[in-house]
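Number of protein chains: 2
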Amino acid sequence: MTSNEFFPTAPDDTRTEILEATYRALREHGYDALTIQKIGEEFDKSTSLLYHHYEGKDDLLVDFLDYMLERLEDDIPFETVDDPKGALETVLDHALAPSMEDEREEFARAMNELRSQATHDPAYREAFTRHDRFFHDRLTAILREGIDQGDFREVDPDRLAALLQATFNGAMTQRVTSDSEEREVSVEDVRAELEAVLETYLLEDTGE
Amino acid sequence: MTSNEFFPTAPDDTRTEILEATYRALREHGYDALTIQKIGEEFDKSTSLLYHHYEGKDDLLVDFLDYMLERLEDDIPFETVDDPKGALETVLDHALAPSMEDEREEFARAMNELRSQATHDPAYREAFTRHDRFFHDRLTAILREGIDQGDFREVDPDRLAALLQATFNGAMTQRVTSDSEEREVSVEDVRAELEAVLETYLLEDTGE
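Protein chains in written order, with this note's numbering: chain A, 486 to 693; chain B, 486 to 693.
What the hints contain is simulated information worked out from the structure, not anything from laboratory work.
Just so you know, these numbers come straight off a predicted model, no measurement behind them.
C-beta atoms are modelled at their ideal positions from N, C-alpha and C, and glycine is treated no differently.
Treat the hints with caution; some may be incorrect.
Claimed, not checked - FRET-style restraints, in silico, Cβ to Cβ: (1) Leu-534/A to Thr-575/B: 28 to 38 Å; (2) Thr-499/A to Thr-499/B: 49 to 59 Å; (3) Thr-565/B to Asp-664/A: 44 to 54 Å; (4) Ala-518/A to Ser-533/B: 44 to 54 Å; (5) Glu-513/A to Arg-615/B: 25 to 35 Å; (6) Ala-518/A to Glu-540/B: 45 to 55 Å; (7) Glu-526/A to Arg-556/B: 39 to 49 Å; (8) Ala-518/A to Asp-551/B: 20 to 30 Å; (9) Lys-570/A to Glu-680/B: 16 to 26 Å; (10) Leu-688/B to Ile-561/A: 55 to 65 Å; (11) Ala-681/A to Asp-543/B: 13 to 23 Å; (12) Glu-673/B to Asp-633/A: 31 to 41 Å.
To be verified - As a list, the in silico DMTMM-like pairs of lysine to aspartate or glutamate whose alpha-carbon atoms are at most 25 Å apart: (13) Lys-570/B to Asp-664/B; (14) Lys-542/A to Asp-664/B; (15) Lys-542/B to Asp-543/A; (16) Lys-570/B to Glu-588/A; (17) Lys-542/B to Asp-567/B; (18) Lys-523/B to Glu-630/B; (19) Lys-542/A to Glu-630/A; (20) Lys-542/A to Asp-578/A; (21) Lys-523/B to Asp-498/A; (22) Lys-523/A to Asp-517/B; (23) Lys-523/B to Glu-588/B; (24) Lys-523/A to Asp-568/B; (25) Lys-542/B to Asp-606/B; (26) Lys-542/A to Asp-543/B; (27) Lys-570/B to Glu-689/B; (28) Lys-523/B to Glu-630/A; (29) Lys-523/A to Glu-591/A; (30) Lys-542/A to Asp-517/B; (31) Lys-523/A to Asp-560/A; (32) Lys-570/A to Glu-588/B; (33) Lys-523/B to Asp-517/A; (34) Lys-523/A to Asp-551/A; (35) Lys-523/A to Glu-684/B; (36) Lys-542/A to Asp-568/A; (37) Lys-542/A to Asp-606/B; (38) Lys-570/B to Asp-551/A; (39) Lys-542/B to Glu-502/A; (40) Lys-570/A to Glu-684/B.
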C-alpha cells in the first residue's frame, strides 16, 4: 500500500490534494499527534483552505477513510472471480504479509488509531463498518465462486468470510501494537496455521 | 468481567483503590476523554494522592494494565488442564461471547483505545505484548494437553494458539468498532464457523 497506490498521479482537484497531504501527515505523526496545522505543512496551498473544506480533524479524517474505500472499490472488481484459489491466496498475501514496507506499516499504525476512534465516534464507526462490509463481500464472492467451480468444499461462504476477516483484523492489530520479536504474535504463524486449516477445511475432498 | 471480578473486596491499599477508581473512570469516559481529574472524582481520597503515585495518566494506565494481568494470572492456573475440551470451550465462551454486559462492553471499548496507544507508546506495547503472551501460553497449554490426552489431533499447538488469538483479538476489535447490526461483523458467525473449523481440524479422527 504505497502512496502511489492511492494517489497514482498528480492530484487533479483540491479534495484529492488535501487527502494526499492527510495521508502523508497521518503516517508521519499518527492520529493522536495529528493537527490540521500539520496536515497544512504537507499541503502545497494555504492551510486556510483546509478549514474551508472541513470542520476539523475528525471531519477530514472520516472523508479520508471514505476516499480510501472508494479507491479500493474502484481497484477491486466484484463482478468476476476467474481464479478463486488464486484470489484467496492474494488476499492472504495482502492481509497476512510476513513483513511490511515502512510506509505501509506507518499507515497500518495510523489506521489502527483511526479505528479506535470508532469506539466512541459514530462517523468513524460507520466508515469502518463500510470497510468491513466491503472486504466481507469481497471474501464471500471469492469463496462462493470457488464452491461453484468445485475448487472449495461446500462451506458457508458468509460465515467463513466473517472468520477470515476477524483473523486478518486481529493479526494486523497485533502486528502494530505488539513487540514484533514475540513468536506468539507472529503473523507468519497465523498465516502458516491458516493455510493448514484451509487445506483441511476448504480444499480437501474436492477431487484435486 | 464485572468490577467484582477484578476488585472483589474492599481495596486494602492505596494502589488498589486508585486502580479501582481508574477502572470506573475508564469505562465511563474512555481513554481520550480520561484525565487524572476524572479518575480523582471516582476516588475517595484526595486527587493529589494520584499525582503522588503516578507521573500522569499514561503512567497510571500502564500500571492499571499490569494489575489486570496480575489478577488474570492469579485467577487462571497454568499447571493443570484437567479437561482440555471443556477448557477450550470456556475460552471460546469468553472470547467470542454472543453479547456482553454493558459494563464489560464499556471496558472492552476502553481496552481497544488503550491498545491503540501501543502503536506509538513503548510502555503500552510492552504491556499488551505481555497480555498476548499470557493468553497465547494459556491456549497452547490447553491444546498441548488435549493432544497428549488424545482428545485433539496432532496439530502444532503454538501455531494454532496464534491463529485463535488473532481471531479473538479481531472479533473483539470489530465488536467495539463496528455497527453491531451488521451480519458480516457478527461475533456469532465467527464463533459458529470457528466451531465448525475446529470440529474438522482439531477433533475429527480422534476416535470419538
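Going through the hints against the structure:
1. In this structure, Leu-534/A and Thr-575/B break the distance hint of 28 to 38 Å, their C-beta atoms being roughly 56 Å apart.
2. Thr-499/A and Thr-499/B have their C-beta atoms about 55 Å apart, which keeps the hinted 49 to 59 Å range intact.
3. Range check, Thr-565/B to Asp-664/A: Cβ separation about 29 Å, and the 44 to 54 Å hint is violated.
4. For the hinted restraint 44 to 54 Å between Ala-518/A and Ser-533/B, the CB-CB distance of approximately 29 Å leaves it violated.
5. Roughly 29 Å separates the CB atoms of Glu-513/A and Arg-615/B, a value that falls within the hinted 25 to 35 Å.
6. Ala-518/A and Glu-540/B have their C-beta atoms about 19 Å apart, which leaves the hinted 45 to 55 Å range violated.
7. A C-beta distance of roughly 45 Å is found between Glu-526/A and Arg-556/B, which places it inside the suggested range of 39 to 49 Å.
8. At roughly 25 Å, the beta-carbon separation of Ala-518/A and Asp-551/B lies within the given 20 to 30 Å, and the hint holds.
9. Evaluation of the 16 to 26 Å hint for Lys-570/A and Glu-680/B yields a pass: the beta carbon distance comes to about 25 Å.
10. Take Leu-688/B and Ile-561/A: their Cβ atoms lie about 36 Å apart, and the range 55 to 65 Å is violated.
11. The hinted range of 13 to 23 Å is not satisfied by Ala-681/A and Asp-543/B, whose Cβ atoms lie roughly 40 Å apart.
12. In this structure the hint that Glu-673/B and Asp-633/A lie 31 to 41 Å apart at CB is violated, the actual value being about 26 Å.
13. The hinted pair formed by Lys-570/B and Asp-664/B fails the criterion: a straight-line CA distance of about 32 Å is larger than 25 Å.
14. For the given pair, Lys-542/A sits about 22 Å from Asp-664/B by alpha-carbon distance, which is consistent with the 25 Å threshold.
15. For a cut-off of 25 Å, the pair hint linking Lys-542/B to Asp-543/A stands: about 23 Å separates their Cα positions.
16. A C-alpha spacing of about 43 Å is found between Lys-570/B and Glu-588/A, which places the hinted pair above 25 Å, so the restraint is violated.
17. With a C-alpha separation of about 41 Å, the suggested pair Lys-542/B and Asp-567/B falls outside the 25 Å cut-off, and the hint is violated.
18. A hinted pair counts as satisfied when its Cα atoms are at most 25 Å apart, and Lys-523/B with Glu-630/B does not qualify at roughly 46 Å.
19. Note on Lys-542/A and Glu-630/A: the hinted pairing is violated, with a Cα-Cα distance of about 41 Å set against a maximum of 25 Å.
20. Only pairs whose Cα atoms come within 25 Å are accepted, and Lys-542/A paired with Asp-578/A is rejected, the gap being roughly 33 Å.
21. Simply put, Lys-523/B and Asp-498/A have alpha-carbon atoms about 44 Å apart, too far for the 25 Å limit, and the pair is violated.
22. A C-alpha spacing of about 20 Å is found between Lys-523/A and Asp-517/B, which places the hinted pair at or below 25 Å, so the restraint holds.
23. Our distance criterion of 25 Å between C-alpha atoms is met by Lys-523/B and Glu-588/B, whose separation comes to about 18 Å.
24. About 56 Å separates the Cα atoms of Lys-523/A and Asp-568/B, which puts this hinted pair outside 25 Å; it is violated.
25. Among the hinted pairs, Lys-542/B with Asp-606/B is consistent with the structure: their alpha-carbon atoms are about 13 Å apart, no more than 25 Å.
26. For the proposed pair Lys-542/A and Asp-543/B, the alpha carbon gap of about 23 Å is at most 25 Å, so the pair holds.
27. Among the hinted pairs, Lys-570/B with Glu-689/B is consistent with the structure: their alpha-carbon atoms are about 13 Å apart, no more than 25 Å.
28. Only pairs whose Cα atoms come within 25 Å are accepted, and Lys-523/B paired with Glu-630/A is rejected, the gap being roughly 53 Å.
29. The suggested pairing of Lys-523/A with Glu-591/A holds, with an alpha-carbon distance near 16 Å, which does not exceed 25 Å.
30. Between Lys-542/A and Asp-517/B the CA atoms are separated by roughly 15 Å; this keeps the pair inside 25 Å, and the hint holds.
31. Only pairs whose Cα atoms come within 25 Å are accepted, and Lys-523/A paired with Asp-560/A is rejected, the gap being roughly 29 Å.
32. Under the criterion of a C-alpha separation no larger than 25 Å, the hint pairing Lys-570/A with Glu-588/B is inconsistent with the structure, at around 43 Å.
33. Distance hint between Lys-523/B and Asp-517/A is fulfilled; the C-alpha atoms sit about 20 Å from each other, no more than 25 Å.
34. This hinted pair checks out: Lys-523/A and Asp-551/A have alpha carbons roughly 21 Å apart, not beyond 25 Å.
35. Taking the CA atoms of Lys-523/A and Glu-684/B, the gap is near 52 Å; set against the 25 Å cutoff, the hint is violated.
36. Taking the CA atoms of Lys-542/A and Asp-568/A, the gap is about 41 Å. The hint is violated against a cut of 25 Å.
37. Between Lys-542/A and Asp-606/B the CA atoms are separated by roughly 22 Å; this keeps the pair inside 25 Å, and the hint holds.
38. This hinted pair does not check out: Lys-570/B and Asp-551/A have alpha carbons roughly 44 Å apart, beyond 25 Å.
39. Under the criterion of a C-alpha separation no larger than 25 Å, the hint pairing Lys-542/B with Glu-502/A is inconsistent with the structure, at around 37 Å.
40. In summary, the hint linking Lys-570/A to Glu-684/B is supported, as the alpha carbons are separated by about 23 Å, within the 25 Å threshold.
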